[in-house]
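Residue numbers (the working numbering), protein chains in the order written: chain A, 1 to 510; chain W, 1 to 1034.
Derived from the structure by calculation, the hints contain no laboratory data. Yeah, the Cβ is synthetic: ideal placement off N, Cα and C, and Gly gets one too.
25 angstroms max Cα-Cα, derived DMTMM-like pairs, lysine to aspartate or glutamate:
1. W:K1022 - A:D397
2. A:K450 - W:D972
3. W:K385 - A:D397
4. A:K498 - A:D321
5. A:K376 - A:D447
6. A:K340 - A:E465
7. W:K977 - A:E51
8. W:K971 - W:D959
9. W:K981 - W:E994
10. A:K426 - W:D1013
11. A:K450 - W:D982
12. W:K996 - A:E440
13. W:K996 - A:D29
14. W:K1022 - A:D425
15. A:K477 - W:D982
16. W:K977 - A:D436
17. A:K501 - W:D982
18. W:K502 - W:E531
19. A:K502 - W:E372
20. A:K340 - A:D279
21. W:K1022 - A:E440
22. A:K49 - W:E994
23. W:K973 - W:E921
24. A:K420 - W:D1013
25. W:K973 - A:D447
26. A:K478 - A:D321
27. A:K501 - W:E387
28. W:K1022 - A:D419
29. W:K977 - A:D447
30. W:K371 - A:E509
31. W:K385 - A:E374
32. W:K385 - W:D375
33. W:K385 - A:D419
34. A:K376 - W:E387
35. A:K376 - W:E398
36. A:K502 - A:E465
The calculated label-pair distances, taken between Cβ atoms and stated as ranges, are:
37. A:S25 - W:L1020: 22 to 32 angstroms
38. W:I952 - A:S493: 33 to 43 angstroms
39. A:T5 - W:S1008: 22 to 32 angstroms
40. W:A451 - A:S289: 41 to 51 angstroms
Okay, here's what each chain looks like letter by letter:
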Amino acid sequence: MKIKTLHRSLEDHLPTSSSSTAPISRNLDPALHPFARPREYTRAVAAAKLERMFSKPFVDSLEGHGDGLYSMTKDESGGLSRIASGSGDGEVRVWDLAQRKSLWNVQGAHRGMVKGVAFSHPAAGEEGRVEKKIGSGEKSLKRKRTALGDKGKGRQDEEEDEEEDFDYDTTLARGSPRILSCGVDKTVKLWDVTGAKGANVKPLQTYAGKSGFNSISHHRYDPIFATASTSIEIWDETKTSPLSTLKFHSTSNLSSGEHIVNVAFNKSETSVLASSGSDRTVCLYDLRSGKALGRVSMNMRVNQLVFNPLQPPVLLCASEDHNLYTFDMRNMATTTQVYKGHVGAVMSCDWAPTGREFVSGSYDRTIRLWTAGEGKARDTYHTKRMQRVFTSMYTLDSRFVLSGSDDSNLRIWKARAGDKLGVVDKREMARKEYRDGLREKWGTVGDVAKLERQRFLPKDIHNAETLRRTMLDARNKKEENRRAHAPKGVDPSKLKPKAAKKAAIARVES
Amino acid sequence: MVRTGRQPRTQPQSTTTTKSSKPSKKSKPSTSSKKAASAALSAPSTGLDVYSYAPRKTKARGDVDPESRASFQSKGKGKRQQASEDEEEDDELMGFRGGGIVEFTGVKPKGLKMGMDSDEEFVGEGDEDEEIDSDEAEESEDDFKPKKGGKTKASSRSNAQPSAEIDLDEDEIDFDDEQGEGFIDASEMLDMGVYDSDDSEIDSGSDDGSDASDDEEMASASASDDDSEVDSEYEGALDKLGSFVEQLESRKRKNEGDDSPFGDDSGKKKKRVVLKERTEAYPEGEFVAVGAHDGEDDGKLNLDDLLSSFADSKNPRLAALRKTLKPLASSTTPSSSTSTSHLKSSGPLAAPLPGRLQDKIDREAAYEKTKEETDKWNETVRRMKGESGLGVEGARHERLTLPLMGGEGDVRRAPNAAEWSAKFQPTNALESSIQSLLHAGAMSSSDLRKAEATALASLDPADVAARQAELRQQRDLMYRAERKAKRVAKIKSKAFRRIHRKAKGKEGDSGLSLEDLEEMDRMDGGDRVGEEQNRMEIQRARERATLKHSSKGGRWSRTDIGGLEGLDDERNSAVREMVKRNEMLRKRIRGEQEGEESADEWAEGDSEDELGEEVGVEGIRRRAMDELKSLEDKEAAFAANQPKVKGVVGMKFMQDAIKRGDRKALLEATELQERLERMGEQAVKGLDEEESPLSLSEQVQGNSGRRVFGPSSGNKSIATPSSAEPASLPSTSTTNHTTKLNAPLSISTRSPLSTNATPTSTDESNPWLADAASASKLSRKSNKATVGKDSRDASRLADKVARHKSRQSDAREAEQDDATVDIDPSNVLASAKAKAQPQITAPSKEKKKGAAGPTTKATMEEDERSSDEDDEEQHEAQRGRGQLAFKQRELVARAFAGDNVVADFEAEKRREIERDAPREEDNTLPGWGSWGGKGAKKSKHAKKFITKIPGIAPSARQDATFTNVIISEKKDKKAQKYLLKDLPFPYTSAAQHEHKLRTPMGPEWSTSTILRDQTLPSVLIKPGVTIRPVDKKV
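Make the full structure from the sequences, and use the hints.
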């Protein structure tokens, strides 16, 4: 028998712990809250204003390079706070972001500009080694690293090596001890980051090519890397000559002065590579077949391309035409989204490790942050002293954004401008989340929309934007006129404007 | 194609032969066609169609076609071939396709050339003619295929022409090099022993050179397949065969006679017997050994001859070469020189494609493969995007938690039993021994599966299917029953349980429902349903007998007996009565034995000791008379032995009062007696008359749902005649009664029946007024007057009928009135005045009455009456009729007197339109900026001060077409701020967006869990940890 009695428990009205607030009982009947919407809107406005007030994205700038930064890389094998950069004077530096200082450097690593840097993998048995899981359905050709300098130990040793494979706990990773750098001096060099530093450091290995290298990308699991020069070359770290050369036309010798600008491995579908060439093409390759897969010619050259880390088929391209494009690599005939906003050539881009956002650095001296699938930038970062941004990057915890620019500084920015650094109280976090929720909910309405949208940019950028808009309008107008006043005989299908998503694509080749 | 340094066999002949081939064909189409037919037929009949067909297919498009080549090299090509087969018809339509391709590839198309040479070929089989190199080249060259036989072949060949798929981008590629010219079967090259430097010579070569061997092959093939040929070539086939054989023989003879490989040429081309000039003893060439011609090889060099030199060498590379050349070598041996022998080999050696084309094909194939691989990531991508639909229900987002756990996304799945068992490996002795035992006893899962398979194999497949279907059905039924049981088990209602228990008990031992039984009956023809119904019937009867069905009875018998010990008799009688009533009601519900029995019941209900045979009205009457009589007797006796009363009662006024009461009672009694007597008479009459069954019951108060049974129904028969003779009722007596019974005065003056008979009693200026006001009101009042007066049953009944009728008609009329009436104040006023008269007079009458009746009681009654009247009138007014309604209407009319609503509205709208209309405002300040006075010119700047206000033109207004509506064209500038131009991205309708904004989000309006769910970010990142790229497909 259940007897209803009046029961008042103190527990219902007291906080569960000394730090938490007393529970408040409320009547949730909407009739009792007649002004819920206006109140919420006001809160949303306040949240948006607070967000703007607290947005101080610039964290620090790391000085050290004597020339502009033209390449940068993160240590994907686990060193969260470790990054490396290469500058125009041929210096390579490794930085620790947490300490905000340079850990290692080598001056004169290359004669001339360092065009690309990439961390190598920890060798088998080395700390920080990450292995692909066996039995994931994908047949991975295992390439075992032999000790450097060893010219082939023989089969038995390699098999022994295989047994030593182990899954590395990613949280304890210190990162890779070696770094690869490539320069315009037609060499790729492998350096030991843990060893000596300074001017007279000898590389562990030097790989010589026939022409200057523009970009380097390391395979996710195997000790092989790809370089971009006049063609894509695949190298084994232990061998001084390339394993193979990938070209779109295997017969052509690309003597016309065209070169590959950028090359990128897909980190998940690990045998797939993408490259962009100075001939305005974006090309895909597969190591399994050793062939090119197809390519697409765009209207302007692509300066950098990156595969999405969590969505393997998605490819992001930073284009010279001030825009960014995402592709699905299975259908290169159309872009999936155009990201407009920069007023200068986009020199670099990088996905956030969440795969839902990315950053781009541009010749217009700004860094912009984007959400995948949204055509306008979420935020724009700039400082007075920052020059052309040639390289930009997300850190591996998705909290910071790095930029390397012409002014020889490496800058650290928050990925979310309004984030608070340091320890955040749980309640504070909850409030922040609530404010974010409100901003998102009301982000399209009234003042909230305006606050969310509006960014005050330096005058030159602002003017450039205005100019760009004018130019685009004029161009559109001209096109319209052309269509409207076309002679009668003209095929109407030819007059049709090209779909915006396909506008940047000139030709698709298979 | 390999170029040889050797001189072609016949330089001049090359042109002549091609030319001569045409007339030769024309001259003997029958033979050539036959040949072709035999060639076509021989392939399938010898069961070699696979070989003969496949290379044709692949090579049909001409020698340099990259696509066909690719089919040899890449798997991806197979698909394309399929696709091209689908386009069979298209290709057939486009006869010139072959030419088109060839044009693109930059190779001189054989088909095209042949078209120039022989129209016949080109038109007849536009797509199958471009065989320069292939094995059929030899055959097809002069095979002129009959359309009938060759059609399938032609179409199948045309299949292999995906010419349209080739991208013309590559046209910059230089194809002038001989590489692209074609690929020639190595065996054939060797066969011919001669290499031509020109295409045309290949033709000619195939025309003549190879024909020697080929025709022989053909002959043998056709000879072996005579019957099949006859089948197809039924028209004079035998004759043709004869001539054909003859011709072959002659040709052979010629061949034998002529050593040279071109010997058959002369046989073929009868008209041109121009033998070429021979400059050497035998055809020279780098592969033609000296004196080779004296053997049976006709001077040709076999591949074997070349290979023999390194047959014994140990060099592994040579061995490999030997291996690859083996099929070719065997094909060249004359022993196996049938038409199919070289087809059996691994196929022709293709000349390599131009690098670019080869690349293109490779790329396409590789891309397809890579796409396939990449497609496996689709599910992962969906999850990473948060679009997989696996998120928590009602959650705002599908959350992605990073870093991914175990590299396989945030999804972990435990393997199921089957996976475990498949993977199971015994680790210790016990497990392994058990497994070995299982194996020994053939009990392992695979063994069992095998055993099952064998058992199934022995059964009839139809039988197996039927059994499976049955099993499936059973399983399905079981599943459903299970589901139902589960659902029922969840029900907590006690009442349901009780009923359910009863229902369970009620169901027979079989525990089956009627439907089930019916089904079973249908199956075996039994009568289970009938039995079951009988059983249930008995059970029901038994239950009725035990009174258990009556909860009331049950309660009486169960609970109350103990507590009411002392009232035994009373209780018993009450229970009995209740039971009886219950039974009777049940009967009535069942519709059994209405009529007399029911009346009887009622009679019995009144007095149980009365005799049962007294029936109906007669009984009632008699009883009433008896009662009256007994009362009178009693009174008389009382009066007789009345002792002298003392005290107050004995006083005079009291005595008077008593007497007056007595007199009244007496009057009543006599009246009753009278009426009863009359009833008696009429009952006799009425019994004769037909009684409709409906008349037994009577509608009460016009409520058709409520019926009165019993005495009133019996009285109806009396009521009808009584209405016929209204005058017989003494009006005086009625007045008496009515006054007592609080009847309104206005009716009591006349009998209700008479009012019904003459409805139009008042003076009417307005026809609908009269109806509404007087008739209904009066009838209403009469209702009041009669209700509750049990002595006047007859009149009451009649009244009821009349009232019902009148009410219906009144209602109808009222409705009509309401529909049609227009308020016309003057008219209404007039009628109201007319009506006011009786209204005023009525009270005065009452006053008179009141004066007549001196008691205070009368005044009390009056008050009540008047209040009653008021109520009535209120009611009437509400229903839109009656005087009060008119009063109100009048009131309304007065209240809104002078309100010109329509005109006002129109004026207002006009004003609105004018205000919004575009206009010009003159802002000039007179006297400023210009000269004034006489002769002053108008300023140039006058225009400057005129502001044009672009309003909204009257025709452009939103309410332009609506006469009765004003839609404001003003815009709320403040609200404008909050209005959106476009619908934001994720929403597909404004309603969605509205809903989103309407649902508040915050601690005040939602619980903490919901709030958390609403506000939690869609990507949760563990701080300070590297987020790795995804590495496993979900």
